[in-house]
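Now for the letters of each chain:
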Amino acid sequence: MRNSLKVAKWEIKRNMKNKTFLIGLFLTPVLIVAFMFIGSLFGDDSEDLATEEVTVLVNDQLNIFSSLEETVSETAFNMKLEKTDISESEVEDVLKDKENTAYIFMDQRAVEQGMVPVYTSEEINPYFMDQIQVFETPLKSNQLGNLGLTDEQLAIISSNISFEEVVSSASDSSTDTDLEASSPPFEKLIPGIFAGFVMLSIVFTGMAIFQSASQEKKDKIAEIILSSLTPGELMNGKIIGYFVLGLIQTAVSIAILLPAAIWKIDFPFMEYLFVPELVLYLFIAILGYLLFAAIFVGVGATMADISTAGNFQGFVMMLPFATFIFIGPVFSDPSGLWAQVGTYIPFTSPGVLLLRLTLLENWPWLEVIIAIAILLVCIGLFMKLAGKIFKVGILLYGKNASPKEIWKWIRA
Amino acid sequence: MEVMLTVEGLEKSFKDKKVLKGISFEVRKGEIMAILGPNGAGKSTTIRNIMGIMYPDKGSVTFHQHNGKGIPRNKIGYLPEERGLYKNVNVMDILLYLADLKDYPLHKAKERALMYLKKFDLEGKEKVSVEELSKGMGQKVQFISSIIHEPELLILDEPFSGLDPVSQELFKEEIRSLADNGTAILLSSHQMNLVEEMCDRLFMIQHGQKVIYGTLNDVKTEYANFKCTIKGQNNRHELERIPQVVRVEQTGESSILYLEKDVGPGNWLKQLPNEINIHELNINRISLHEIFIDIATDKNLMKEGSDVHA
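Residue numbers (this note's numbering), protein chains in the order written: chain A, 1 to 412; chain B, 1 to 310.
Chain A with its partners taken away, still in its complex shape (with noise of 0.2 Å):
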């Protein structure tokens, strides 16, 4: 263990002095910043705008305006009204230099053609059409009025006719999960993406032991090291080095993204993310990596140089990816077969089991549990493996090792 600890402090000290790992420490945080800025620059233009404030002019001649008023503000919607006098043939000049500008005419046409002219900006929130569809009912109430109805008939008529699903008491509870499913509660959510975010970022830099364990073949250096420690211990000397080079990555890219992240959104998150789940999340989180960080230090043995990786090593570089084909599956049924195939997979089930307790309300503990029971098998027997492919595989200077010598070395 001791000499495991100076490999991993040799393997951290090297890379913090390599000026290809600072640049991509600091690099890729201020590449995902720069991405979440220039999205905001060309691509959503819908999504700023469908926020932004909509000035509504009405030309009310309905005298209608109060109850407007009133029904906008019992909405969210992000419109501010005002009373003008302008006339139509105006309109169009008035707009041509404003933005999110909308004239509506509230007149007799509205009551007798139930048709109301509305004029908007070039730019304009895109839900606007949609939310002014509320108008509908200060509009109809005033069309009844008209009509000369009372009050009550008024009342009787403008009414909804709504149906009522009656439910026995006992299946109570899971409807109201079901409904509180669909939207995360943030103390799920924000120590989800957090943990996520976290393993991926050791996972991606783990990859970098790859290079490392055919580094040290490359330089032909495995055998001055093997005469002063063991494989197994330069190995896991390597996967505890890679893992906190993982975490100070994960601490770099945090301290860059954090003040950016709360300065673009507008959002407490920081008291949602210390919780008791997150504990749970990390732990899961390190148990990808170790599964991961153990498949690449037994396959880097294998290579003599990343840029002469077969098929087979480049399969298993992929790993790692395999977790997104099952992140829309799960996003549309946490609960459903994909999702449950995906935490049974011990690749994928790292990912897959974050991504389900962050959308699940209720966890499905048994499925977590097994699900961490073979992700710790597993664990243990591809480090076993690897230990036993690195012992060989480090010393097989400038060669590719095939899947059939891997075997051998397997058995052996």
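It cannot be assumed that every hint is accurate.
[Claimed, not checked] Quick list of in silico lysine-lysine cross-link-like pairs, DSSO-like style, CA-CA up to 27 Å:
#1 A/K388 <-> B/K17
#2 B/K18 <-> A/K13
#3 A/K399 <-> B/K87
#4 B/K15 <-> A/K408
#5 B/K17 <-> A/K408
#6 A/K220 <-> B/K231
#7 B/K118 <-> A/K17
#8 B/K58 <-> A/K408
#9 A/K19 <-> B/K135
#10 B/K15 <-> A/K220
#11 B/K87 <-> A/K17
#12 A/K19 <-> B/K125
#13 A/K17 <-> B/K15
#14 A/K96 <-> A/K80
#15 B/K17 <-> A/K404
#16 B/K18 <-> A/K404
Everything labelled a hint here was simulated from the structure, so no lab data went into it.
Chain A is fixed; fit chain B onto it per the hints.
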């Protein structure tokens, strides 16, 4: 002399090929013991088995002066045949790391590193990145890394390969002085002239088997018969008729006569036939180099001697 390392009955197979067939020898404190042999004879395999980088199928490796189980890695210095260092780190960092792996105190390691860098003409290079070093400089750094922790047993696999004569001399002196200070040294080489000059004992290996084992002097008297080189036009058959000549090699005008084991040079010269054309004649013992080439090419020069010995 105290025995530091005993290797007994080492056997190792790769696939179906047996590369070591019962290798036994010992290395003593303060001596330089050389394993000699052509490429592929099993030198590096023997050394890797000693270092625990491979495990023998049969036989044992015993480190004396070591009570615990396994290999006393901290007391051994090792310079493998395949040389390499991490590329993108500086010289001092890697020396200190390797010393640290041997549990050698860092401040002492630093002192010794600077001392040796100076000795090997690398003063001021401690902050230089390894990839900027020339091949020879790299080898010097590797050599320093194998002795920085004052090992009791030093194992050097082909320490002289790729070195220029000046550096060879430097390495030779350093290895000699380490031995004089009590380090047990096991080195492998195929550069006979160097080995002949410095080793105390040698173990010659071919096809995974022992061919010769003993002190340099013993080996020389045992195996190195006399040979007589004659320059001048001569008939091969006439030369072969001379008594006590085992074999004749002729290239152009030069003939080499390999003599029997117990030949007294003086007496033998007296009985040379008069008709032999001699421009130049010299008589000397077969060098280690020739014995080596002989073994490597499976000629029969040695047959007699070794048969007698065996």
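Check your understanding: What hint numbers does the structure not satisfy?
Key -> 2, 6 and 13
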